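Protein chains in written order, with my numbering: chain A, 1 to 354; chain B, 1001 to 1326.
Be aware that a few hints might be false.
[Claimed, not checked] Computed list of lysine-lysine pairs in DSSO-like fashion (alpha-carbon distance at most 30 Å, straight line):
(1) Lys1109(B) <-> Lys236(A)
(2) Lys237(A) <-> Lys210(A)
(3) Lys225(A) <-> Lys210(A)
(4) Lys178(A) <-> Lys167(A)
(5) Lys225(A) <-> Lys236(A)
(6) Lys225(A) <-> Lys237(A)
(7) Lys1323(B) <-> Lys225(A)
(8) Lys225(A) <-> Lys1109(B)
(9) Lys1323(B) <-> Lys1182(B)
Since the hints were made in silico from the structure, they are not lab data.
Quick caveat, the model's predicted, so the values are computed rather than measured.
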Amino acid sequence: MDAKQGRKLDFSPILVPLLSIVVALEFGGILVLVQGINPLLAYEVLFTTAFGSFDGIAITLAKATPLILSGLAVAICLRAGLFNIGAQGQLISGALASAWAGYTFVGLPALVHVPLALIFGAFFGALVALVAGVLKAYRGVHEVITTIMLNSIVIALSDYLTSNPFKEPDQPLTRTPKIQDSAQMPDLLGLPLGFFLAIGLSITLWWIMKNTTTGFSIETIGRNKNAGWYAGISVKKTVMLSMLIGGAVAGVAGAVETLSIVGRFEPAFNAGLGFDGITVAFLGRANPLGVIPAAILIGGMRASASTVQFEAGAAPELVDLLLAMILFFVTAPLLAKFFKNRKESVAMTSGWSN
Amino acid sequence: MKLRTSHYITLAFLVVFTYFYRKDGLVATSVLYTAIQFALPLALAAMVGVMCERTGVVNIGIEGTMLFSAFTAFFAGAIMKDTVQGMFVGVFTGAMMGLLLALMAVSWKMNQIIAGVIINILAAGITSFYYRQNYSIPATLHPIDLPVVGAWPILGPVLSFHGPITYFGILFILALWFALYKTSWGLRSRAVGEQPASADTAGVSVTRLRYMNVTIAGAVGGLAGSYLALEAVGIFERGFTAGKGFTALAIMIFGRWNPLGALAAALFFGLTQAVTNQLMIDEVVEIPPQFITMLPYILTILVLAISAGKVRPPAAEGIAYEKEKS
Chain A
1 MDAKQGRKLD FSPILVPLLS IVVALEFGGI LVLVQGINPL LAYEVLFTTA FGSFDGIAIT
61 LAKATPLILS GLAVAICLRA GLFNIGAQGQ LISGALASAW AGYTFVGLPA LVHVPLALIF
121 GAFFGALVAL VAGVLKAYRG VHEVITTIML NSIVIALSDY LTSNPFKEPD QPLTRTPKIQ
181 DSAQMPDLLG LPLGFFLAIG LSITLWWIMK NTTTGFSIET IGRNKNAGWY AGISVKKTVM
241 LSMLIGGAVA GVAGAVETLS IVGRFEPAFN AGLGFDGITV AFLGRANPLG VIPAAILIGG
301 MRASASTVQF EAGAAPELVD LLLAMILFFV TAPLLAKFFK NRKESVAMTS GWSN
Chain B
1001 MKLRTSHYIT LAFLVVFTYF YRKDGLVATS VLYTAIQFAL PLALAAMVGV MCERTGVVNI
1061 GIEGTMLFSA FTAFFAGAIM KDTVQGMFVG VFTGAMMGLL LALMAVSWKM NQIIAGVIIN
1121 ILAAGITSFY YRQNYSIPAT LHPIDLPVVG AWPILGPVLS FHGPITYFGI LFILALWFAL
1181 YKTSWGLRSR AVGEQPASAD TAGVSVTRLR YMNVTIAGAV GGLAGSYLAL EAVGIFERGF
1241 TAGKGFTALA IMIFGRWNPL GALAAALFFG LTQAVTNQLM IDEVVEIPPQ FITMLPYILT
1301 ILVLAISAGK VRPPAAEGIA YEKEKS
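Chain B extracted, bound-state conformation:
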């Protein structure tokens, strides 16, 4: 990983960790644990963006995908009284949302930004209409006590005892990185995102690959939504994703459309939030809660303002592919 971002993040991480560790070891590990919890949905949602945009489809509907999936995951889990089944419903919903985006963006050749915004508004409209109070899931997904790692000093309590989606998500991000750069699927996907005409000439079906990747990405967004509803808090509210899908896009750009880069960027975002929370609890600084709410949004804008001019998105992104006309 040749990202300078990662150096900054490592440095920030070390400074923060030393600061808290000198005060209280338990607090230090809990801040890092919380940072991972904040980071995971953002990282997963950023993967949705990476997968879509690498094949040339802009997905601004991540927010809606997560919201709708969180909604179905939660209510399916509550009605079936089974959190795990709820999660599968959430993932399936996400895939369907991805399919809808693919339909609009690839087949109908709609403007992809508008297609994404439609997904967001549809998700907000449908979830707020069908939302009901007084439902609850039996339990959040059980955290897993990692063997061996869990017993490590310092890192053990940070890395262990997260929920199953967290571990699966991290493995998925690593696998996605591998697949994108080391397999023929990845090569094809990137080719379709950069030079669809050439990929087409080489015998890759642009339409099919875009459909496939956008749908799978949707499923990942569904997993991120399920994480929020079933693993992180165990509730659902209207407008519950609170802009995370948009922050994820900034994280994707910050991470230069690279899964590992985006993971690092997400950890940075997560760490910032965890640290702010801790500082507030310790009453080191007195920040009105509204400013804590604002933090990720301001960070998103700042990150984009700094990195937008410096990074290059996939060349064919946002453009519907038209076969050469005769």
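Bound-form chain A, shown alone:
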């Protein structure tokens, strides 16, 4: 995109996120210092645990997998001018659906069972997002409110389902039975298969956005709804389609987490993966490829949060704090002002009435 707009190479899409991470870490450091914890030690532990060894990197990439997908779910919608903060709910819906498919169907070969469970995840993730998409397209209800409300509804509903009809029998915990072995996603080269799936989906969506009419429609209504309408693009359809894609990808995120890491659905397990997707998407500048490094960074921070607590004495919520700061600085146009040629490219969601 940048290559087309100007001849000069524009580094700001990389520099701005990097700079905001640095500034966020500094501010976060001050907030950590207030707690009497040495931020330098905390950061050192954080980054060496995440990226300092091969094992560490493998864990980081496993943690990054659902984040790539949830970041993608938010990013695609941002491209269409929609702010999907419901990736969390869509992810949980997908996780539960895939767990159900994973333990219910017996006797399928893995080659059938794993894709089937993934499709279940994608479908139910998309279903949740579609509610918001339809309400947006036909009733003009702002997606931020509906997706947030849907998050809470899905969380309550999944809690109900796992403590009643889908509950693992004869034990006290609120969780589903374990998925069949045939639904277990295998590892590849020491990395979870889901990681490659996530990368593949990122590239596919990047390609779709760049080279297809669908991608063009999404980009166009994201830039300017009226222009899209004049150009003969159905705004309603495109809004719903973007939400569907976003929801499906978020559902896959939940499914991958269930089928390769958790092995069943447990309400507490997927906490926050969808919300981190928001930070991932902004850090990756709503670019389907940009979310990959963003997710790896955040995955690394998440992966080493407990080590930081152990070795530096900082509560694992330190990562929540840092991510919030990163989001603040990456979206605030302060840093971007250093880069004059930069044109605003992401996120043009506006008021309620559109």
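Based on the hints, put chain B in the right spot on chain A.
Quick look at chain B alone, frame taken from chain A:
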């Protein structure tokens, strides 16, 4: 108040009240009392939305404002061993959050939805990092036994014996209605929310008025947060506001950006929750607790789906004001 909403709510109220009163007078009054308790934080939070959006700033950060204020109010109250001082800290925190939103939305001209979401995520991140267990406030804010009104039959036990924030909040909502429609501040605010360029031409400083209103609104959000932590339950937990800030936005839209309309809508929400709770306690209906949790969220979506197309938000809402360029 020419709102049809209010008719429905009155009707719903009467039906419910008669139902419970025929069974047990005490239960009936306690349901209404609880309804007010549920409604108040929603109503106050909706006022945050009304004040901001009437001047053209979308505030989706109400949730974060309330969460952060509840957090500071609770811990300030616990550390200073003084609930009232905690409340002031909460209100001040809210004002600061409002100021931050104004900074992002008015000065930096950021996308206002994103600015609000940032406030929510910042609040969630900071409160969960600094959260500590084993703190407690000395006592919740003392309920006030209203003279005269407290002795009334039926209505007395419903209206009396609420905490100070409840009474102040209701007075504030009435005052806000008056100020918005009957004072020059209100006229200016609404003008800035509808036609900032015209207001600017008429000599109103769009920037200053937006800053002022968004900051005051933040303080109101701080009061709502303090209410939750200091008056309603007297505790603080991570993620404690549970989406009330978003429900409040639906209430604001349902109430057509009118303080009294939003108050009525909030009472409707409060009543629904109180009634459901009572039905569950009476074992009239057997509803899994998760569905009770879901109720306000489903109601929010339904209300928006029904009313969104029919109401008109302030025209300049969500758009940063740029002075005419030469």
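Here's how the hints hold up against the structure:
1. Lys1109(B) <-> Lys236(A): The hint holds at about 28 Å.
2. Lys237(A) <-> Lys210(A): Holds, because 19 Å separates the two Cα atoms, which is no more than 30 Å.
3. Lys225(A) <-> Lys210(A): Since the Cα atoms of lysine 225(A) and lysine 210(A) sit roughly 19 Å apart, the hinted pair holds (cutoff 30 Å).
4. Lys178(A) <-> Lys167(A): holds (10 Å)
5. Lys225(A) <-> Lys236(A): holds (10 Å)
6. Lys225(A) <-> Lys237(A): Roughly 12 Å separates the two Cα atoms, so the pair holds.
7. Lys1323(B) <-> Lys225(A): holds (24 Å)
8. Lys225(A) <-> Lys1109(B): OK: lysine 225(A) and lysine 1109(B) at ~20 Å, within 30 Å.
9. Lys1323(B) <-> Lys1182(B): holds (28 Å)
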